[in-house]
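Number of protein chains: 2
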Amino acid sequence: MHIVVDAFGGDNAPLAPLKGAALAAGDGVTVTLVGNEEILRRVAKEENISLDGITIVHTEDVIAMEDEPRTILKAHKDCSMAVGLRMVAEGKGDAFVSAGSTGALVMGATFFVKRIKGVPRAAIATLIPTASGRPSLMLDSGANAECRPEMLCQFAQMGSVYMSRVMGGGEPATVGLINIGTEECKGGELQQQAYRLIQESGVNFVGNVESREVPFGAADVLVTDGFTGNILLKAIEGTAGMLMKEIKSLFMSNLLTKIAALLVKSKIGVLKSRMSTSEHGGAPILGVCRPVIKAHGNSDAAAIRSAIRIAGEFAATGVIEAITEAAKGSTSDE
Amino acid sequence: MHIVVDAFGGDNAPLAPLKGAALAAGDGVTVTLVGNEEILRRVAKEENISLDGITIVHTEDVIAMEDEPRTILKAHKDCSMAVGLRMVAEGKGDAFVSAGSTGALVMGATFFVKRIKGVPRAAIATLIPTASGRPSLMLDSGANAECRPEMLCQFAQMGSVYMSRVMGGGEPATVGLINIGTEECKGGELQQQAYRLIQESGVNFVGNVESREVPFGAADVLVTDGFTGNILLKAIEGTAGMLMKEIKSLFMSNLLTKIAALLVKSKIGVLKSRMSTSEHGGAPILGVCRPVIKAHGNSDAAAIRSAIRIAGEFAATGVIEAITEAAKGSTSDE
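Protein sequence lines correspond, in order, to chains A and B.
Residue numbers for the first sequence, in the numbering used here: 3 to 336.
Residue numbers for the second sequence, in the numbering used here: 3 to 336.
Incorrect hints may appear among the rest.
Unchecked claim - Keeping only pairs whose Cα atoms sit at most 30 Å apart, straight-line, the calculated BS3-like set for lysine-lysine is: (1) A:Lys269 to B:Lys188; (2) A:Lys188 to B:Lys188; (3) A:Lys79 to B:Lys21; (4) B:Lys267 to A:Lys269; (5) B:Lys79 to A:Lys188; (6) A:Lys250 to B:Lys116; (7) A:Lys116 to A:Lys188; (8) A:Lys76 to B:Lys267; (9) A:Lys247 to B:Lys274; (10) A:Lys274 to B:Lys247; (11) B:Lys94 to B:Lys116; (12) B:Lys76 to B:Lys47; (13) B:Lys94 to A:Lys267; (14) B:Lys274 to A:Lys267; (15) A:Lys247 to B:Lys267; (16) B:Lys21 to B:Lys188; (17) A:Lys47 to A:Lys76; (18) B:Lys267 to A:Lys260; (19) B:Lys247 to A:Lys267; (20) A:Lys250 to A:Lys269; (21) A:Lys274 to B:Lys267; (22) B:Lys116 to B:Lys79; (23) A:Lys274 to B:Lys116; (24) B:Lys76 to A:Lys260; (25) B:Lys116 to A:Lys188; (26) B:Lys79 to A:Lys267; (27) A:Lys269 to B:Lys21.
Hints listed in this document are in silico derivations from the structure and should not be mistaken for laboratory results.
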């Protein structure tokens, strides 16, 4: 398996992608790092990171978080992300991984890698940690603020294929529609029409899911528009972040609570890492012709290694072929 | 102050409303309980609850959580909620409190109490506990799944008046628009247009607020459509509920963690009650001509007492007069 990695994407670039790539190379993966070769060789030397099994493709430009996503098509068409995407599009690599700007990655994937025929919009699918230990895949989580019912139905199909093949060992995935109540009549036009379309689409549909149930693992795949998905995802992140902070400060209040902290420290650490998004490897961009994985912006080396592993599984399990097959029946191409 | 209370609304009715009313009567409030008099007198006797300062208005019917909200207008027009709303509409009481069905309460408030002229839709405003210790008021949190930009602007104005007068001691309230990014251009048509309208409306607008910041207390008033509000509210509830459960089970794992639990028990209790919605008294239905407060469905006696106190402050602080004045300039009446 040959994975192309954006060496200059994310908060911890280029060190985390470099270290992550070295770890993946150690796992037997062929890795190409895209980015400024001089800097990469210097950092590798300074940090004593082996470049065995790693090829570097040189490019100088980088697209930043604050750059407009569409600049990847013109002003930043030779940034590390764009060059990597085009490599994978041309078959020079099996999958692409970047921890850079999500908007730019969706834009670049759509225009350089291209959408699958019959898929009107690519979606970002994000893994949400749950109490059940098994993460849920939510799509769309921000690429398309406004969606039509047919798009939600296609998200259901794409997510179902991905979760079943990449995360579920072939077991059929359950699919839920994010809504403000469980009854079929709930929500607006979008939800009501999407409900009927998903019900007839052949996926393992469990019906509407209220956001309250999401952290408990209500379904393997959670379908929603990008606006709602983004609100939901960040609400979970924010609430968990706030509570963890409150609990930390609670443990620091006096000597007795500090003793208590020592007694539960390792278990709190396990809970924190279970709740962390970086443990779960990265979010696929679904609906484009080649495997593209978005790693979390704050990914460390372990998260990049995990994203590279997931990218390999994404490429190996025929997800894109299955989505292409399913989309053939679709009439919703633009 | 004279508060009318639905004695048969909520999961713990009639005991919690009865006890809560008795506590409020002890605080010096005149309370009318609406519901089956025979049952109320029997329960009061069995539980040794004093009915001093409490009047009972007898009615036999009750609207249940599973009843369609609109049935309050016809099939259940004589339920305890409907009778109480009509009393307050007719001036037989200063405010109404119910822990019953939210949908039915909004429907009943809209048709029995009537909307303020110039307000196209009533909104449910919910208090969200935050890390800052000062709750945020979010509206709409579920009454109107689909909203127009003018409605969001009116929610901003109504919420601002309520938070400033009832919760803020007259200090101007900050107002944020729930969105998927902080920049003005973020979100769909609804958010972009609402942004401009709110900016020109004269409220203390702090701009877009991402859901991630909500648990930290991003603004006093959070404006959004009812679909997004409901998703956000339940995501916060679900995540907090899940984490508290995980932490509880973590403390139960072995002898050492059980000792740790004893050392931090009281502080965890304080955190839990700070995060609890029932501590904050109840959610106003804004946009109707008389004060109506929705208490949480699982309200206990203390929560009902607190809702009665808030209902009194709502009635005493001229909120409805100020909203009526602000709505006069509006052209968005239906």
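Broken hints, by number
Hint check: 1, 3, 6, 7, 8, 12, 13, 16, 17, 23, 24, 26, 27 fail, others pass.
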